[in-house]
Amino acid sequence: DAGVIQSPRHEVTEMGQEVTLRCKPISGHDYLFWYRQTMMRGLELLIYFNNNVPIDDSGMPEDRFSAKMPNASFSTLKIQPSEPRDSAVYFCASSFGRFYNEQFFGPGTRLTVL
Amino acid sequence: AQKVTQAQTEISVVEKEDVTLDCVYETRDTTYYLFWYKQPPSGELVFLIRRNSFDEQNEISGRYSWNFQKSTSSFNFTITASQVVDSAVYFCALSVVNNNDMRFGAGTRLTVKP
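If you read the sequences in order, they're chains P and L.
So the first sequence is numbered by my numbering: it starts at 1 and just counts up by one.
So the second sequence is numbered by my numbering: it starts at 1001 and just counts up by one.
Just to be clear, a hint being listed does not mean it is correct.
What the hints assert, rightly or not - What follows is a set of in silico ranges between Cβ atoms, one per label pair, in the way DEER data are often shown:
| no. | chain 1 | residue 1 | chain 2 | residue 2 | range |
| --- | --- | --- | --- | --- | --- |
| 1 | L | 1017 | P | 51 | 38 to 48 Å |
| 2 | L | 1083 | P | 61 | 34 to 44 Å |
| 3 | L | 1041 | P | 27 | 46 to 56 Å |
| 4 | P | 51 | L | 1111 | 20 to 30 Å |
| 5 | P | 54 | L | 1041 | 45 to 55 Å |
| 6 | P | 98 | L | 1046 | 12 to 22 Å |
To be verified - Derived lysine to any residue pairs resembling SDA-like cross-links, with alpha carbons at most 20 Å apart:
| no. | chain 1 | residue 1 | chain 2 | residue 2 |
| --- | --- | --- | --- | --- |
| 7 | L | 1003 | P | 60 |
| 8 | L | 1038 | L | 1062 |
| 9 | L | 1003 | P | 101 |
| 10 | L | 1003 | P | 41 |
| 11 | L | 1016 | L | 1040 |
| 12 | P | 24 | L | 1003 |
| 13 | P | 24 | P | 83 |
| 14 | L | 1003 | P | 44 |
| 15 | L | 1038 | P | 37 |
| 16 | L | 1038 | P | 38 |
| 17 | L | 1003 | P | 107 |
| 18 | L | 1038 | P | 42 |
| 19 | L | 1003 | P | 110 |
| 20 | L | 1003 | P | 40 |
| 21 | L | 1003 | P | 61 |
| 22 | L | 1003 | P | 46 |
| 23 | L | 1003 | P | 39 |
| 24 | L | 1038 | P | 101 |
| 25 | L | 1003 | P | 99 |
| 26 | L | 1038 | P | 60 |
| 27 | L | 1038 | P | 102 |
| 28 | L | 1038 | P | 57 |
| 29 | L | 1038 | P | 61 |
Stated by the list, open to error - Listed next, the stretches of chain P that the computed footprint assigns to chain L, with coverage defined by at least 3 CB atoms under 8 Å from CB atoms of chain L:
| no. | stretch |
| --- | --- |
| 30 | 15–26 |
| 31 | 42–53 |
| 32 | 69–79 |
Rather than coming from a laboratory, the hints here were simulated on the basis of the structure.
Where is the CB? At the ideal position from N, CA and C, for every residue including glycine.
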C-alpha cells in the first residue's frame, strides 16, 4: 500500500482565501484523524472519523474549520476564510479497528497564510 | 484531564552513547494506552510502540527499550548505542479509552552527532 496520501504538500495562500487540504487513508482503515502541528501548541487532534462519520470535532479551533469524509478513501479539511494564525503543518492519519490502535500518518501539508 | 509531559526539549549525544527520553503522563482513568512516535526530518510521524495500562512489562526491540512504571506515571524510552539515523523528534502520547482522547507531549528533539 502507498500509505496515507496528503495533498498538497505545501500551500501558500493569502489571508481570507479558502484552503482545502486532502487526504487519502490507507485502504481498509476505518478511522481517520486530522491533526495540526505548530511550534506553540504542538500536535493537536482536530477531528476524527469512524467509518466516514465524524465522531469528535471538539479539537476544531473555530467555525472557519470544517472537515468531511464523503467516502472511505477521501477526506478534506477546509479553512474558510484562512488567517495567518492557521499557518501550521496539518497531518492526516488513519488506523484500523480501534481509536487507540497504531496510527499511520501522512507526510503532512505545510500551510502558510500570508 | 489528560496530559503528557516531555520535560526534555532537546538532547544532544555523540554516536554510540545511550540516551533516555522521559515521558510523564496524567490521567484519572484506569484504562489507557501509551505510545511513542518518531518524527524524522522528513516530517512524517512513525509509530514505534503502544503499551496498555494493564501491561507494565518492559519491552525491548533491537536498540530500543521502553520502561513503563505506573507508580511514577512514566513511560520512558531508551536508545542504546545511538546512531546518527536516530536523530529526530520523539513524541510520547496518551490515549484514554473512555473518551477517545489522544494527547501528545511536546516532543523531544534528539540530535546524534557522529
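Next on the checklist: Going through the numbered hints above, which ones does this structure break? Give me the numbers in ascending order.
Outcome noted: When the structure is compared with the hints, numbers 3, 4, 5, 12, 13, 17, 19, 26, 28, 29, 30, 32 turn out to be violated.
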